[in-house]
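In order, the protein sequences belong to chains L and V.
First residue of the first sequence: 1447, per our numbering; consecutive thereafter.
First residue of the second sequence: 1447, per our numbering; consecutive thereafter.
Please note: incorrect hints may appear among the correct ones.
Since the list can't tell identical chains apart, any single copy or any two copies may satisfy a pair.
With a straight-line Cα cutoff of 20 Å, these simulated PhoX-like cross-link-like pairs (lysine-lysine) come out [claimed, not checked]:
no., residue 1, residue 2
1, Lys-1896, Lys-2054
2, Lys-1912, Lys-1968
3, Lys-2040, Lys-2000
4, Lys-1697, Lys-1472
Since the hints were made in silico from the structure, they are not lab data.
Number of protein chains: 2
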Amino acid sequence: MVSSVKRFLIGRPLKSTELGEQKLNKTKALAVLSSDALSSVAYGPEQILIVLITVGVAAFWYSIPIALGVLILLAALILSYRQIIYAYPHGGGAYVVSKENLGEKYGLISGGALLVDYILTVAVSVSAGTDAITSAFPALHDHNVGIAIIFVLLITTLNLRGVTEAASILAYPVYLFVLALFILICTGIYNVLTHQVPAEWHTPVGTPIAGISLFLLLKAFASGSSALTGVEAISNAIPNFKDPAPNNAAKTLAAMGGLLALLFSGIVLLAYYYGITPNDKVTVVSQIAEQTFGRNFMYFFIQGTTALILILAANTGYTAFPLLAVNLANDKFIPRMFKIRGDRLGYSNGIITLGLASILLIIFFKGKTEHLIPLYAVGVFIPFTLSQTGMMLKWLREQPKGWRKKLFINTLGSVICFVVTIMFFLTKFAQVWPVLLFLPAIVFVFTTIKKHYTAVGEQLRIAVDKPAVPIEGNVIIVPVAGITKVVENSLNYAKSLGAEQVLAVYVSFDREDEREFEEKWKKWQPNVRLVTLYSQYRSIIQPLTKFVDTAQHKAGESNYRVTVVIPQFITKKGWHNILHNQSSLLIKAYLLYKRNVIITTVPYHLKK
Amino acid sequence: MVSSVKRFLIGRPLKSTELGEQKLNKTKALAVLSSDALSSVAYGPEQILIVLITVGVAAFWYSIPIALGVLILLAALILSYRQIIYAYPHGGGAYVVSKENLGEKYGLISGGALLVDYILTVAVSVSAGTDAITSAFPALHDHNVGIAIIFVLLITTLNLRGVTEAASILAYPVYLFVLALFILICTGIYNVLTHQVPAEWHTPVGTPIAGISLFLLLKAFASGSSALTGVEAISNAIPNFKDPAPNNAAKTLAAMGGLLALLFSGIVLLAYYYGITPNDKVTVVSQIAEQTFGRNFMYFFIQGTTALILILAANTGYTAFPLLAVNLANDKFIPRMFKIRGDRLGYSNGIITLGLASILLIIFFKGKTEHLIPLYAVGVFIPFTLSQTGMMLKWLREQPKGWRKKLFINTLGSVICFVVTIMFFLTKFAQVWPVLLFLPAIVFVFTTIKKHYTAVGEQLRIAVDKPAVPIEGNVIIVPVAGITKVVENSLNYAKSLGAEQVLAVYVSFDREDEREFEEKWKKWQPNVRLVTLYSQYRSIIQPLTKFVDTAQHKAGESNYRVTVVIPQFITKKGWHNILHNQSSLLIKAYLLYKRNVIITTVPYHLKK
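Full structure from sequences and hints, please.
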């Protein structure tokens, strides 16, 4: 039953040899890997205006130079991630780059920050998309959390089906969103050029504004830079591309950069010309769309695709998180289960972990994840800065052909990212301080896990020169609870093992019963020695453990092993289990975990 | 850690021989076993007035003859349960009496009704007591459910400590309640006799009232009879009494009957003389107390002890439920775990089940369990009727000395109980109909469980004349995941068992890896045959199961057994487990439950 539900949800299992078919072409890769970055256009420009409005509406013209700054940063990031893709064609992005050039600790900071960040991406973007939908249908507003969870489950299932299937389905809304914004921007620019937009709607560029400061401009710049989160995803996901993977990834990255620059500057420009004021109730994009088209089909088309892309931005996390987790698991910093490919050849454990963690975040913040955005942005810019700095060191060290140009690009990116990071701390400390706690915590967890794996590795390594001393013989203990077929079955098995000694052990709660049982036993199994243990506290485990300890002590002297043979009822139906005390399960677990004793389970399958 | 918390909560374990010290003397038994019945005084008289007020305040004088009717029923019940105690000195009450005299089906109806009823008792009385407390402290009102659950947990813990300890603590509030009501009644009667209560406050007895009908009077009588729930508890709990148990139980029953009659008639009389009108906000007892004392210390003393006794009424359920469960479990109608005595010699599984079930009820009904009262009352009167009828048949059949008198008492009780039951169905069908569903359901569950136990018993019975064929030999399969100490350890053990064949099995996901492993193996263990299985769907369990099936098929031909020897990591710390995939646990569970194969677990305790 369970397995057929699984089949229905995620499809038939794939053979390992079918891995090649699970790779992405450029069109699909652009759709799944850039949805996060592109969706930022829906809120990035707004963030700039929200900062500027604290000085006054007249300051809005500053959004133009600030947007220019963001575009320069975008160009630097795209160029430098392009260099990363070619330098590290096996993926891993900021984690691998920082680890190899700056050292393990910085690698772990980058990796940890990105890992948490992808969880935040999913929670934040699905919540934002759900908000956009429920504000269109107010009746659904009370069910925000439930709806967001359903979306997360849907995206998780889709990704468990495999990245290509997810990409085939998700490509449509992404391209529709790009198309919608493209039409909006063209129509808007046409209106501006044909002077349909009154000049008094906006202050001319260059108007001097009282109260503007460098700090405020940097703050606006940092806020606007939150539109660049998601740019790093492609560098993490190179293994998902069709061959030649690095080339395809670099081209996809360039296409994404171009689209992002186009949409971002278009929205900033239109917002400026239309004199849009940010507003709690209606987003900037929605205001622009209404100004341009009125409330007709195009308006709703833009609103609908925006809501969809916000939700699908989550998908970028689903592609990048499992691959980053594999890199961390390969280096033994996180549990090795993240390395296992599931039925559909995706790294299912990573996908499921991401889904569950973001559902927990959504539940914990009751679907109100907006104030996580700065935390999320700073979590992106820290690995950005580290990886750019790492690349600088790489060029300085290796000095390949044309390294000065490469160094310049990465230095530019590194400085701007560093400034953005610092601005986040200076201007939004109240929201970003948790980073200062969780980054050291996560690095501590990573190194603790690695320490454990290393210790286990040492304990398991075989000393080739001195093979283990062979076992001399066995003592077998069979706990018996009565004279039944189950006991007969286990005793027969114990006798067949050729052990030096087979002992039946009976725990009694009552002297009378003890004597009776001994008599019956003598008649039934005269050749098997029976030991009876009287338990005055009605515990079976305690006297048995004590007996096993004594036996083990004696056996140890001559390198014998002690085996406890325990019968276990296997009931025909699941609910039957509550009708049997299953003390055998308790005994097994206790002896296995608390004592170093071998446990043999002889199943007895009930037929009725 | 867990075990020291347990020690702190419920105390040190007791030896089986200390059972005698866990018996109750009459004073304590009266306190724990009559709290349910006595607490009914707090709402029983009110129920009568609530029915009469539908005709008018003038009809209140009818409460006097109705109370007389209730007293007659009480006398009949006390006398007939006294007879049951002597006839069935091992306890079991209505279940045993109905089963032995009317047949198994009626026994199960009685037993099932009482079992569910004790759960209802706990939920209803704790909710009612919590309501009484939170109406005194309105700030707590929003936390009703939480507070009620805490009370249930407290009473559960107290009962897990053992019945005598519970009794020692709970006796005080019970006797304080009796004292408080006794002072109230005496003062009230004194006021009435000294003519401090104006005659116009009540209509004289015998005033003709328009609109009164036999149906209404019977309905009022049935409602008032809800004060008699809990009367049967002593007959279920005879084994908890000090020797001579039946005598002591009979005396306690008589004392309880006397107290109940006294308090019940006192409250009815005072309510009549004071002309109390039932009211949603203030209970009848509270109104009487305020009339008598004003809002002084005595008023709050009465209110406080009433709230307490409502909560402690739950304790009667805790004493009777586990003993009834033991009786049912002895007859194999419910899981045998209910027969196990816990550390403190109480039937802990019964106590814990009762606690959990009532917490679920409280959560499900959000602490508003008032409308469960009629359901609960009818659930009591059905077994009352059945046990009285059973006793009638017993006397008719056995005709011992003085049987006519005994027959008369039980016939009277049976008829009245039957009438009360019918009245509940006629007047409160909307609330009591679930009984008609859950009684057949519970009887079905009981008989299904018995059927399973009988079937298992037959399957386990040894045929003495034809002993099982001895096992000829063993084939041992050791799944190996690499060349490590864990594998070495398991192989050494497997070799020591003197089996006909030891096979190492390696599941590979990759042809290259498979070849490499085979080469390494040949160098390391040239004498152990290695079988490699290529798994194209990356499953370990499937190819392994298939291999085991083949081996078992071959082995079966010559009465060999197949044993799978599986190493299991035992990590030093609990959290380490998530760092290891523990595929061995999955393999073990799968083979054990899905195949009839013997599983030997060789633990490997990690030291770091």
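Evaluation of the provided hints:
no.	hint	result
1	Lys-1896 / Lys-2054	between (49 Å within a copy, 13 Å between copies)
2	Lys-1912 / Lys-1968	between (47 Å within a copy, 17 Å between copies)
3	Lys-2040 / Lys-2000	within (18 Å within a copy, 37 Å between copies)
4	Lys-1697 / Lys-1472	within (8 Å within a copy, 90 Å between copies)
Of the numbered hints listed earlier, not one is contradicted by the structure.
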